[in-house]
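Chemist: Residue-level listing of the chains:
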Amino acid sequence: MKIKSLLLLLPFLISGCAHYSLAPSEGRPIGDLYSVESRIAWSRADEGGIELWTIDGPLLEALRFISVKDGDPLIQTTDKDARVPRFRAHMTPSEVTEFFVASLRTISAGIDTHQLSKGMVDVRRIREGGIDASSIHVRNLRPASFGRLPGFRFDFDFLSKEGLEREGIALGAIHDGRLLLMVYTGTREYYFEKHRAEVEGVFSSVQIPK
Amino acid sequence: MRFCRILFFLCFVCVGCLSCATPRGAPGALDDIQPGQRPDPSSDEAGLWLYMDRIESRLKSSGRVITDPSLNAYVRQIVCNLDPIHCADIRIYIVDTPNFNASMAPNGCMQVWTGLMLRAENEAQLAYVLGHEMAHYLRRHSVQQWRTVRNTTSALAFFSLATALAGVGFAGDIATLVAVGAIFAYSRDQEREADLIGFEMMAKAGYEPLQAAEIWRALMAEEEAAEQSSKSIFFATHPTSAERIATLKDMAEKTSKSRDSWIRGRQEYMAATKPFRMSWLGEEVQKGSPKTTGVVLNRLLKSEIDPPEAHFFLGELYRLRGEGGDCETACSEYRKALEMGMTRPEIYKSLGMVYWRAGKKKEARESFMEYLKANPDASDRRIIETYIHQLR
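Protein chains in written order, with the numbering used here: chain A, 1 to 210; chain B, 1001 to 1392.
Just so you know, these hints were derived from the structure itself, not from any lab.
Computed from a predicted model, the values in this text were never measured in an experiment.
Each residue gets a CB set at the ideal place from its N, CA and C atoms; glycine is no exception.
Errors might be hidden in some of the hints.
Label-pair distances were calculated between CB atoms; the ranges are [to be verified]:
id, chain 1, residue 1, chain 2, residue 2, range
1, B, Ala1242, A, Lys194, 54 to 62 Å
2, B, Ser1261, A, Tyr190, 55 to 63 Å
3, A, Glu189, B, Ala1271, 35 to 43 Å
4, A, Gly49, B, Lys1291, 27 to 35 Å
Isolated chain A (complex conformation):
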């Protein structure tokens, strides 16, 4: 009986905890902030409050819709680490890229050595990182439209923890004191380019309610 229960649980353990549903291609709202459209259907999941879209799986490529309020960190973490960088509404786009990189470094590379030394390791936090944050390089920060808003976009690259090369592009704007960011990442080999045109379509489809 016990073995049977374990076998029933196995598919869930293998596929991970995220629950995916299909993102409709037309007029998909991102929270109550804006909506986007896509020519194709994506699988969507809630990744700790962040809307995540993917076609081949988030380890290969993923489009994330991030929204950060003034004073909040980029990604909410389980521990109340005061050192997590916080977004400020007065940031310039250059400072937003610094905030972006610093946040990923903190989340991914910031294994709490004090906790480790005490034997209190949040393994989930290490698993969640997924990227080797010390390898992130941002480039080509430039003005871009985020729907009707003046915004910015930038490119970046980094390595996964296993040393796999990845590429990323991000489109963002600051609206009503809130950072809106769409971030697409994928493996440099094949997957990043595979869906890039679709992502560009999503980027250019942003509708901000008046």
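Since the structure of chain A is already known, use the hints to place chain B on it.
Modeler: Structure of chain B alone, referenced to chain A:
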């Protein structure tokens, strides 16, 4: 008869004393590892090596290892100066991570983190830290600890941790290494022994003995300033103390008289690390531990190492922290860097952002214009032009 008994007893004591020389140290100490030695495949030590071999294999492909041949040859030369006999058995990996750390796994895998290389002021200081870690390897301390913890509740913690972390990639492996280090935190006696052997190795190789206490002292200052959650990985496994520094200083004063000249190797060290120092400084600032990074940068300035760069990155530290008064301090540091002849274009962009934050629009605009003038091909040129436009 009685005399014979006493003679026999004395012989026994003498033989016992001779055997004390190897192995040295506490009860349970093992023989030193011999050149080319591998553990018996059926032993528990072989299992430990196998585990470390797997971690080393991931480390190699992690993309974090600096492969620059000159820098690697330089560090290898220091290791070979310290121990020419075992140097061929040691595989060195310079890991691009902005934390102070060096470690040696029992299988001969040595990690030297760039955070250590940034902090060392000269070759002798790096040599001492490497010698200390090599002493743990030569004395097989981690194997001793492995055997000790197997009989304690910590062993359960180790295996559950190792199992949980298995397969999460290299960052996980760093965590594993640190966790292994933490659980295998060397005993006070082993630390003393590594201090002593590391010190003997550096002195024998001709490195200035006083530098051993110097790097410990610098690290202790950093540790005292550290935010609780950013305590150094190295200190998690190598607790320091004023007593330890005093002992090293005392040994150094006695040893210093044995030679007329010693190698400090500051020029050689700076020449070998120069191509990487800007990048290491940048990573140090971005790691998000402003208090300890401030201590590091101020120490570099005091030692007149990278002065313009240290001023620039102090400015960056204050700008990124952005607390009350930080903008003014950042401005002051940037100006000092410029006065010292720094020509890095980014300094003007940083100045522009600080002035803008302070409401000094004219100065901000001029700084951004200076940035573009100094770096006409900047990849962020178009966004900087929008800043200049907004500041009109």
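Chemist: With reference to the structure, classify each hint as holding or not holding.
Modeler: Each hint tested on the structure:
| no. | hint | result |
| --- | --- | --- |
| 1 | Ala1242/B with Lys194/A: 54 to 62 Å | 59 Å, holds |
| 2 | Ser1261/B with Tyr190/A: 55 to 63 Å | 59 Å, holds |
| 3 | Glu189/A with Ala1271/B: 35 to 43 Å | 38 Å, holds |
| 4 | Gly49/A with Lys1291/B: 27 to 35 Å | 30 Å, holds |
The earlier numbered hints are all upheld by this structure, with none contradicted.
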